[in-house]
Amino acid sequence: MLRRFPSNAQLNRLHFSCCCALRNYATSSTTTSRVASDAVDNLPRYLTPKSAIPNRTPQKQDEEPVSPKKVFRSRHLDASKEQASKSTIRLLEPHVLSARLKKLCDANKIDEAVSMLKNSPRDAQNTPVWNTLIWESMKAKRFNLAYQLYTDMKRRGFSPTARTFQTMFTGLSKIEDWSTHTKQLKNAHSIYDAFQRYMKSVRQHDPESAELTSNPLANYVKILGYNGLYQEIFDVYYALPSEGPLSPNEFVYTAMFEALASTPSVEGLTVPHYQHAANAKLLWTLMQKALRKIPAFTVDTHLVTSAIAALSRGHTPEFELAFTIVRDYYGLCAPGDPPSKGSLPLSQQSLDVILKLCNISKKYALCGDFLQQVKRRPDDRGGVNLLDHGHLNEVLKARIAAPDKGTAYACLETLEWMLRQEIVGRNGSKIRPNTVTYNLVLTACWRDGDWRSAARVFDLMTGYHSHDFMDGAVSPQPRRDARSVGRNLDPPPETLSSLLRTALTSRDRANVRQCLRILDYLQVDQLLAMDNGDPNRGARAKAYFIKKLASAIVEAVQFVQGASSKPSREMGRWKRLADLAVLNEQRTSAQRSDFIPSAAAKRPREGKAIV
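Using my numbering, the first residue of the sequence shown is number 1, and each one after it goes up by one.
Treat the hints as calculated values from the structure; they're not laboratory data. All residues carry an ideal CB built from backbone N, CA and C; glycine is no exception. Watch out, some of these pointers could steer you wrong.
As the list claims (entries may be wrong) - Only pairs whose alpha carbons sit at most 35 Å apart, straight line, appear in this in silico DSBU-like list of lysine-lysine:
1. 154 / 109
2. 186 / 154
3. 430 / 174
Stated by the list, open to error - Derived DEER-like restraints, expressed as beta-carbon distance ranges:
4. 238 / 116: 40 to 50 Å
5. 380 / 530: 50 to 60 Å
6. 285 / 209: 29 to 39 Å
7. 530 / 570: 17 to 27 Å
8. 156 / 348: 40 to 50 Å
Turn these sequences into a full structure, and let the hints guide you.
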């Protein structure tokens with residue numbers, strides 16, 4: 001069969017249409033591109049440009065077919081990106097919520113933090129998050145709000161943990177005056193009952209659970225001690241098992257000893273001190289039995305120190321046990337006792353309690369012996385660098401209370417050693433003598449009538465030169481040493497009173513005149529002219545010693561005036577000073593002062609003993 005070819009006219013028309021299509025395809029805009037593409041599609045293959053021929057490469061079987069990209073009306077809209085962003089949204093996590101709550105509480109916005117917690121998603125809330133806000137409320141002393149949060153947490157289905165009870169008891173133990181927080185004491189009892197039920201439930205489900213602990217009860221014992229509920233303290237103790245994770249540990253025993261050694265912060269029935277010490281002795285015996293049953297039980301310095309403090313409130317049997325504990329655990333031995341190295345290093349607090357025990361038990365010589373032993377000890381066991389002015393003050397009290405005479409010079413040597421140790425040792429400013437130290441040394445000088453030592457104490461305290469106030473060497477501008485800040489102290493009325501009474505005890509008119517010149521230069525007349533009607537306790541104490549100073553000034557002026565044959569300018573000033581002192585005594589006697597309580601107020605009310 002013969003193939004029919006197109007005529008010339010047909011070829012010309014076809015050639016013309018192809019040229020037009022190619023021209024439109026190359027130069028047309030986006031609005032005419034669709035028409036040109038249709039024309040190209042209608043052309044035969046041998047007339048179609050290569051760029052317009054689609055790629056017919058077959059896809060491999062392993063490759064997935066590529067879907068054509070969707071075109072949207074807005075060029076800024078991409079649905080795939082929106083779906084990806086929705087899939088990567090991060091939910092609020094509990095630790096992030098806790099950080100936000102803490103930040104608000106640090107800015108004193110606790111109410112906003114409470115609102116944020118209650119309106120947060122439930123997935124972001126858990127018991128630790130509620131514990132965080134409860135603790136922040138306790139720190140802000142909003143105890144009612146903390147208990148409300150504790151109740152609301154349980155209503156929302158979050159069960160309290162051992163950490164929750166620890167937080168509640170710790171916060172309530174920070175209350176200083178329980179007489180104004182009687183409702184919180186009831187809340188503490190309620191929390192203790194809930195803790196008992198929780199421990200019972202945990203023990204039934206998992207006897208080896210880490211939630212089983214008696215640590216929260218330590219702060220509950222402190223709360224009971226602050227309120228004088230000593231019978232309830234032992235009820236809590238006897239309710240605990242003797243073995244296992246719920247048995248009393250070192251924290252519970254320390255809290256019990258501290259409660260027996262402290263004084264309740266509320267008024268009411270109290271147990272005599274000797275009864276506290278007897279209970280502490282019994283508790284120490286029970287603790288020794290627990291040490292043999294519980295291998296994980298450790299005795300630390302806090303426990304031993306609190307036990308010694310509680311035993312120091314008793315009588316001779318309790319004192320003997322306390323000194324035995326001191327020898328066994330700290331290695332401080334009395335003369336004649338067998339030597340002991342001790343198992344615990346000595347701390348500042350423990351040494352302070354031991355020295356106070358010596359003074360309370362009236363073993364004053366032992367106080368000085370312990371001080372010498374501490375000076376010879378190495379630093380890793382608590383040596384000389386451990387000492388501070390509080391320890392030396394106890395030693396000075398022991399020397400003053402001792403019946404031996406001639407202790408003024410020994411006290412002065414101790415004072416000078418403290419000043420040297422501040423410079424050559426590593427004690428620093430903590431061993432620097434304070435006003436109490438100087439007053440104690442002056443008290444020893446007063447008792448011995450040692451004016452020379454008293455004048456030296458005045459020089460060390462104030463930086464003045466007492467020699468510039470002596471007869472024949474009076475200087476119109478007395479010298480004063482330039483020292484660093486805090487070393488030159490201004491003598492208070494108590495110091496001046498002791499200084500003047502030391503001069504009077506020496507029965508030397510030259511010493512009395514020297515002391516009167518010191519008082520005149522220090523402008524004591526301004527102290528005598530002060531109005532001492534301030535009800536503040538510190539102001540009442542100051543008024544008390546001003547009265548003592550005024551009485552000593554009157555006596556001193558009379559003593560000096562008796563040997564003076566002719567008046568002098570100094571005598572005139574001293575008489576005016578005595579007149580001001582008399583006016584001060586009259587004004588003080590007219591005012592009602594309850595600085596020294598009556599005998600009835602001192603007598604404690606006895607409560608029932610602890611069984």
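Taking the hints in turn, this is what the structure says about them:
1. 154 / 109: The given pair, whose Cα atoms are some 23 Å apart, holds under the 35 Å limit.
2. 186 / 154: 18 Å, holds
3. 430 / 174: It holds: about 27 Å lies between the C-alpha atoms, which stays within 35 Å.
4. 238 / 116: 40 to 50 Å: 44 Å, holds
5. 380 / 530: 50 to 60 Å: 51 Å, holds
6. 285 / 209: 29 to 39 Å: Cβ of residue 285 to Cβ of residue 209: about 31 Å, so the range 29 to 39 Å holds.
7. 530 / 570: 17 to 27 Å: 24 Å, holds
8. 156 / 348: 40 to 50 Å: The hinted range 40 to 50 Å holds for residue 156 and residue 348, with Cβ atoms some 47 Å apart.
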